[in-house]
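Novice: Generate the whole structure from the sequences, applying the supplied hints.
In the order they appear, the protein sequences are chains L and C.
Every letter in the first sequence is one number past the one before it in the numbering used here, and letter 152, counting from 1, is 152.
Every letter in the second sequence is one number past the one before it in the numbering used here, and letter 198, counting from 1, is 198.
No lab work stands behind these hints: they were computed from the structure.
It cannot be assumed that every hint is accurate.
Each pair may be met inside one copy or between any two copies, as identical chains are not told apart.
[What the hints assert, rightly or not] Cut-off 30 Å, straight-line C-alpha distance, at most; resulting in silico cross-link-like pairs (DSS-like, lysine-lysine): (1) 70 <-> 120; (2) 153 <-> 44; (3) 120 <-> 53; (4) 70 <-> 148; (5) 148 <-> 120; (6) 153 <-> 65; (7) 53 <-> 153; (8) 65 <-> 148; (9) 70 <-> 53; (10) 65 <-> 120; (11) 120 <-> 44; (12) 53 <-> 65; (13) 153 <-> 120; (14) 65 <-> 44.
Here's the letter readout for the chains.
Number of protein chains: 2
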Amino acid sequence: MCQLLGMNCNTPTDIVFSFEGFRLRGGLTDRHADGFGIGFFENKGVRMFHDDKPSASSPVADLVKTYQIKSTNVIAHIRKATQGGVGLANTHPFIREMWGEYWLFAHNGHLGGFQPEEGKYYRPVGSTDSERAFCFMLEQLRNRFEHKPPVGKLFAEVATLTAQIRHHGLFNFMLSNGDILFAHASTLLHYIIRQAPFGEAHLIDNDVAVDFAAVTTPNDRVAVIATQPLTANETWTQLAVNELVAFRDGDIILRDCPDNPRYLSQQEGLAIARAVGVAA
Amino acid sequence: MCQLLGMNCNTPTDIVFSFEGFRLRGGLTDRHADGFGIGFFENKGVRMFHDDKPSASSPVADLVKTYQIKSTNVIAHIRKATQGGVGLANTHPFIREMWGEYWLFAHNGHLGGFQPEEGKYYRPVGSTDSERAFCFMLEQLRNRFEHKPPVGKLFAEVATLTAQIRHHGLFNFMLSNGDILFAHASTLLHYIIRQAPFGEAHLIDNDVAVDFAAVTTPNDRVAVIATQPLTANETWTQLAVNELVAFRDGDIILRDCPDNPRYLSQQEGLAIARAVGVAA
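Specialist: Laid out in structure tokens, this is it:
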């Protein structure tokens with residue numbers, strides 16, 4: 001199964017520490033070796049890096065590491081190809097413009113039977129179920145709203161569409177316009193919100209630690225969202241099955257959690273993925 | 001004034017040699033130091049690199065040099081900000097999806113008074129006249145054609161739209177969907193088609209030469225399009241004022257040239273740019 005990484009903060013922050021552990025899962029500590037992608041919002045603009053090489057050994061990923069781009073919203077994805085061949089057109093995150101803003105989307109899961117009819121505004125370029133789902137969501141949002149609605153209305157509509165799409169399979173995703181970051185779990189997704197007092201964190205996938213107190217100011221707030229926790233000595237919070245959360249400025253502003261929330265273990269999450277054919 | 005570079009070929013080719021001379025015009029041998037961008041088509045996918053640093057010293061441009069990405073269609077742009085501030089959202093090439101394909105666009109010129117009404121399908125994210133023109137072109141094409149028309153019809157419509165937009169100022173541009181590359185000159189644009197027998201070429205901006213015979217096969221055909229010729233010992237062909245050309249597989253397949261073609265000298269081109277406020 002693919003893996004997702006996202007970041008949403010109240011001040012531009014570099015994602016190098018988290019990305020360093022995450023990228024090693026692409027070909028070194030795990031088996032997601034069919035390319036990777038990362039998109040950084042910088043004000044209204046987006047800087048995208050895609051590669052069909054494994055993230056662990058990609059020179060593009062090396063650049064991301066050394067360049068230390070600061071951003072308030074980031075979405076990254078490492079890919080184990082299940083639907084659609086290996087190739088740049090099938091590499092997440094996907095990007096489209098809606099309401100005069102760029103939107104980024106990355107998905108981990110499987111929506112094999114999901115074949116929505118051709119959109120008027122948005123059509124997939126590649127052959128993944130993921131890009132079909134992204135285009136469908138934007139198509140419905142754009143059909144419903146000529147201009148960007150207030151955040152509460154937007155969240156409600158995203159929740160409705162998410163519920164509709166997840167009937168077709170597994171739909172762990174992140175979606176962002178550079179302001180809000182939506183995160184939804186069908187199986188496994190975790191987040192952590194780091195704020196003062198900042199401490200030290202140790203990566204699981206690499207012998208690297210960072211003292212956040214030394215690289216932040218007291219007002220910084222940073223949410224990191226990932227398929228699996230990236231650090232060993234911090235407490236990550238798991239999203240419930242079918243939970244949708246909206247982050248803004250490094251904090252949760254809206255959530256849509258089932259009445260009787262259910263949390264999968266890593267083993268259960270992987271077993272479900274395997275059952276629908278997206279095993280790692 | 002900004003500078004444009006494009007490549008269209010019948011076999012995936014790396015653009016490193018041309019890009020090497022071109023990028024030095026961003027901050028070193030010329031003054032286009034407000035960022036740069038380059039987009040590579042790889043089959044249906046696009047790999048984009050944007051930076052707001054001058055291309056001559058950008059680590060992203062260093063990556064483009066060392067990574068030697070092979071592509072059949074490339075559009076690059078180095079920017080001297082005239083309309084819209086320096087920032088990623090204003091950095092060419094711009095990208096949108098239309099008819100299930102990605103489209104890249106880069107512009108050099110000035111369309112100050114061009115303020116088309118808000119599009120249904122395509123809206124600018126940044127604040128440049130260039131992105132407004134790109135969105136307007138796609139909006140009109142999409143309004144006219146629900147699906148991609150045959151190339152002749154497409155060319156005719158692009159020619160009509162180009163004529164409409166260039167009344168608003170200077171409109172040197174390149175536009176590509178990864179198959180066809182459209183190039184239009186209001187002032188300065190040159191191209192060269194390299195094919196067997198290949199020879200050696202020397203860059204103008206750098207003491208570098210390449211023997212194309214050593215890095216090509218006899219069937220390769222590569223069109224390179226640039227604001228100014230990049231090599232000193234080859235013959236580049238200039239586009240006439242208001243000429244539109246469509247390249248495919250490294251060759252010209254359609255052109256729309258005025259009856260009495262006029263060709264500007266570099267001095268005249270720069271004088272016109274200066275007169276409308278986009279002097280280098």
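Novice: Give the relationship of residue 120 and residue 53 under a CA distance limit of 30 Å: within one copy only, between copies only, both, or neither.
Specialist: neither (33 Å within a copy, 37 Å between copies)
Novice: For residue 70 vs residue 120, is the C-alpha pair at or below 30 Å within one copy, between two copies, both, or neither?
Specialist: So residue 70 and residue 120 fail the 30 Å test inside a copy (35 Å) and across (33 Å) alike.
Novice: Up to 30 Å between alpha-carbons, please classify residue 153 paired with residue 120: within, between, both or neither.
Specialist: both (22 Å within a copy, 21 Å between copies)
Novice: When Cα atoms must be at most 30 Å apart, do residue 70 and residue 148 count as within-copy, between-copy, both, or neither?
Specialist: Intra 26 Å, inter 39 Å, cutoff 30 Å: intra-copy only.
Novice: Measure nothing new, just compare the shortest in-copy and cross-copy C-alpha distances for residue 53 and residue 65 to 30 Å and report within, between, both or neither.
Specialist: Close inside one copy (16 Å) and across copies (17 Å); limit 30 Å.
Novice: How do residue 53 and residue 153 come out at 30 Å by Cα distance, when the copy is not named: within, between, both, or neither?
Specialist: Answer is neither: 39 Å inside a copy and 38 Å across each miss the 30 Å cutoff.
Novice: Using 30 Å as the alpha-carbon threshold, which applies to residue 120 and residue 44: within, between, both, or neither?
Specialist: both (25 Å within a copy, 20 Å between copies)
Novice: When no copy is specified for residue 153 and residue 44, does a C-alpha distance of 30 Å or less occur within a copy, between copies, both, or neither?
Specialist: Within. Shortest intra-copy distance 22 Å satisfies the 30 Å Cα cut-off; inter-copy 35 Å does not.
Novice: Should residue 65 paired with residue 120 be assigned to within, between, both, or neither, using CA atoms and 30 Å as the limit?
Specialist: neither (39 Å within a copy, 39 Å between copies)
Novice: At 30 Å max between alpha carbons, let me know whether residue 153 reaches residue 65 within a copy, between copies, both or neither.
Specialist: For residue 153 and residue 65, the Cα distance exceeds 30 Å both inside one copy (37 Å) and across copies (46 Å).
Novice: As a check of your reading, is residue 70 near residue 53 (CA-CA no more than 30 Å) within one copy, between copies, both or neither?
Specialist: Both: 24 Å inside a copy, 14 Å across copies.
Novice: Is it within a copy, between copies, both, or neither that the alpha carbon of residue 148 lies no farther than 30 Å from that of residue 120?
Specialist: both (18 Å within a copy, 13 Å between copies)
Of the numbered hints given earlier, the model fails hints 1, 3, 6, 7, 8 and 10; all others are met.
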